[in-house]
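Model the full assembly from the supplied sequences, consistent with the hints where possible.
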Amino acid sequence: MTPSTGTTTGPEQYLARDVAVAKLLAWSGIALVISLVITQGFLMGFIPPPSPNLSAEELAQIFIDRKIGIRIGSLIQCICYSFWGTWAISIVVCMRRMERGIPVVTYASIANAGGAWVFFLLMPITWAMIAFRPESMDPKFIQIMNDYVWFIFILSWPPFAIFMVLIATAIFRDHNLPTIYPRWVAFFNLWCAVLITPAGLIEFVKTGPFAYDGAISFWFIYIVFFGWIMVMSFVTLNTLKRTALQAAA
Amino acid sequence: MKALLLSRVTAVWALLIIATTLSWQLGHGAGFDDARQAGAAILVVTFIKVRLVMRDFMEIRHAPRWMRLIGDAWIVLITVLLVGLFLKTGT
Amino acid sequence: MSDSSEDTALARGSKGHIPGEAGIWLLIAGDLLMFSVLFVIFLVYRAGDLTVFQAGHARLNQTWGLVNTILMLSSSWLVATAIQAARRQMRRVVVACFGLALLCGLGFIVVKVFEYNEKIRADLTLTTNDFFMLYFSYTGIHLIHVVIGMGVLTTLMLYSRSGNFAPAKLRNLESGASFWHLVDLLWIVLFALLYLVGAK
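The listed protein sequences derive, respectively, from chains A, B and C.
First residue of the first sequence: 1, per the working numbering; consecutive thereafter.
First residue of the second sequence: 1001, per the working numbering; consecutive thereafter.
First residue of the third sequence: 2001, per the working numbering; consecutive thereafter.
Derived by calculation from the structure, the hints in this document are not laboratory data.
Keep in mind that the hints are not guaranteed to be accurate.
Computed spacing ranges between beta-carbons, pair by pair [to be verified]:
hint, chain 1, residue 1, chain 2, residue 2, range
1, C, Gly2151, A, Arg242, 32 to 38 Å
2, C, Val2037, B, Trp1066, 19 to 25 Å
3, C, Thr2155, A, Ser156, 25 to 31 Å
Quick caveat: nothing in here was measured; it's all calculated off a predicted structure.
We put the beta carbon where it would ideally sit given N, CA and C, even for glycine.
As structure tokens, then:
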């Protein structure tokens, strides 16, 4: 792309374009959440998950009955869950502007964001594998693989909690006036980080609020986590809009 | 130093310890013959303690009106909910 | 009991004074919300299986619970006193109060370790029944809060060593202190629900 008119070409114009790309990345997080509701909720019927207390045969029947929905759903998920990486970078871009000197927190966040989407992708890939030939597969094996999906989903909370803490750290260290993100965003991230810690309890129980289909380990953590993605998307979009305005002024 | 020790928070602390002892007694059959009534009383005393912590330790006492109202509304709501659930259960 | 000079200093007109940063209250309100859900879940499960829960209540060591409540209340009082002392620029008292509050927190953890140990030795674990599932997970989640809170208190203690409690510094101290009071507040309710209520 060539810069259009000679007079207005400057760092401001490049910045405006960068902001436009960053906004697109922030929107990809919203796309991720919408795809989750459509695929996991409607196509697969896995909101909430099948109970960990089901017998292997009952569970296998679910996969046989819903195999088409699961195949289409996991295909869409493979695409949209990759957006974790793009979405996280829209935040990291804002974090970079908070740091002076060596951007330590930014580096840590990039590495974190690059690893975390692996967990996202492992879920639809495993579901697709179960739905590939559920009739001929041993139900016991289906049960193990299904448990595996939910463990990947819920037990992988630490890198995500660390990202939240990193965001909060960057905001607390922000030297800009006014700060890039409002200060409450830092506390909001810390709150989310604390709230998803009970996820670790799914290892121990098969029924009750802390089982992987339970009120806390599923519903509460799900709403907090994907609500967090939505809130952070909108806050980031707002911040980017302000950045573009400042650059234009 | 003396003013510090004879402050309102110290009085609140003493009050909280007394309330704890009281609910302890209630939990061991003092005052009420019926375990349900005793349980309900313990819950009410508990949320009076919660309000003291909120008002004086967290200093919501000096906070803007809307904050005080939200705090009190939460306390009333959760107390009614928990006492209601507790009494509904029976013993 | 009334402390009128301090009252007027804090009231600052009719608008009032939000302790600490506004953001910390988002965290506190959010946490109270989660624990409210946990409290309700506890009583709903209790209604579903009263005999198991009453037997469970009876097996808890109420003395441990009482000791921990007194430790929590006292540490909260020490932290509140530290804030008062900071407003009066009494640097050494501030550091000492935070230090003692930390010791109370440590005592709380030690008692909990003994208590868990006692339960596990008696073959009562997370998987024993619904009562012990909730007992271990609720107290565990609270214990995570205690550990985080002690990190906060340590930070506040080190932060106070240099004195000079200007408004911005006081506000940061208030933010941290408010979190510790939340940990105390949650324990007060957990103590009543798990240990006191409905034990026969």
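Status of the given 32 to 38 Å range, CB of Arg242(A) versus CB of Gly2151(C)
Since Gly2151(C) and Arg242(A) have Cβ atoms about 33 Å apart, the given range 32 to 38 Å holds.
Between Thr2155(C) and Ser156(A), is the Cβ distance one that fits in 25 to 31 Å? holds, 29 Å
Within 19 to 25 Å: is that where the Cβ-Cβ distance between Val2037(C) and Trp1066(B) falls? Hint holds: Cβ distance 23 Å, inside 19 to 25 Å.
In this structure, none of the earlier numbered hints is contradicted; all agree with it.
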